Amino acid sequence: EADIYQTPRYLVIGTGKKITLECSQTMGHDKMYWYQQDPGMELHLIHYSYGVNSTEKGDLSSESTVSRIRTEHFPLTLESARPSHTSQYLCASSESWGEGTDTQYFGPGTRLTVL
Amino acid sequence: AQSVTQLGSHVSVSEGALVLLRCNYSSSVPPYLFWYVQYPNQGLQLLLKYTTGATLVKGINGFEAEFKKSETSFHLTKPSAHMSDAAEYFCAVSVGDGTGNQFYFGTGTSLTVIP
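Quick mapping for you: the protein sequence lines, in order, are chains B and Z.
Here the first sequence stands for residues 1 to 115, numbered as in my numbering.
Here the second sequence stands for residues 1001 to 1115, numbered as in my numbering.
Hint data in this document are derived by calculation from the structure and do not stem from the laboratory.
No false leads were mixed into what you were given.
Computed Cβ-Cβ distance ranges for the label pairs, DEER-style:
(1) B:Asp59 - Z:Gln1045: 15 to 25 Å
(2) Z:Ser1080 - B:Lys17: 43 to 53 Å
(3) Z:Glu1064 - B:Arg82: 36 to 46 Å
(4) B:Pro83 - Z:Lys1068: 42 to 52 Å
(5) Z:Asn1061 - B:Ser80: 39 to 49 Å
From a predicted model like this one, the values you see are computed outputs, not experimental measurements.
By construction, the Cβ of each residue, glycine as well, lies at the ideal position given by its N, Cα and C atoms.
Same shape as in the complex, but just chain B (with noise of 0.2 Å):
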């Protein structure tokens, strides 16, 4: 069973404000990712990294921020909120990055609304 973390669950915040949101994983995996997930849509990759010092953007473009400096933990930082930032944020790791046969794992997501 994997062992990834997301805080906080749910978020509701008002615009302007910042906010971190937490992923953390007990495995050792080398590569974490951020995607956004909002509802009859496919997941957009945000951010991932490779390793430690490591950060890269994704497809989506994002007004957000990552930082990798332990290799557990991968947060994501909004400056500003606003609404159009309203969504579900999935957090995943994986162990490898090899030819592709590696397998995400998932934290249970955090669901923020900005109002």
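Given chain B, work out where chain Z should sit, using these hints.
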């Protein structure tokens, strides 16, 4: 370019009936294929995956999927639906590019099981 198409955003079956969720993909290189399940307010959980070898893959909870290269399909089936199967199902393609792999998700199929 890689893409995943899930036919039918909503599927309803009677309890005990066959479950068939369709997934077609396009990929310029041999793909690795995954099915994930998402229960309400939870993250995605791996059901099964195809990497190489036998084209019929068995997963958890009695689900299986068959990779058909000629049809570029990876449909998910279960002989007899159970009430606990009601969830959102996502098909995904993973392609390695030598430095890592990217996942491409379908838009999901919501499965309803009618008692």
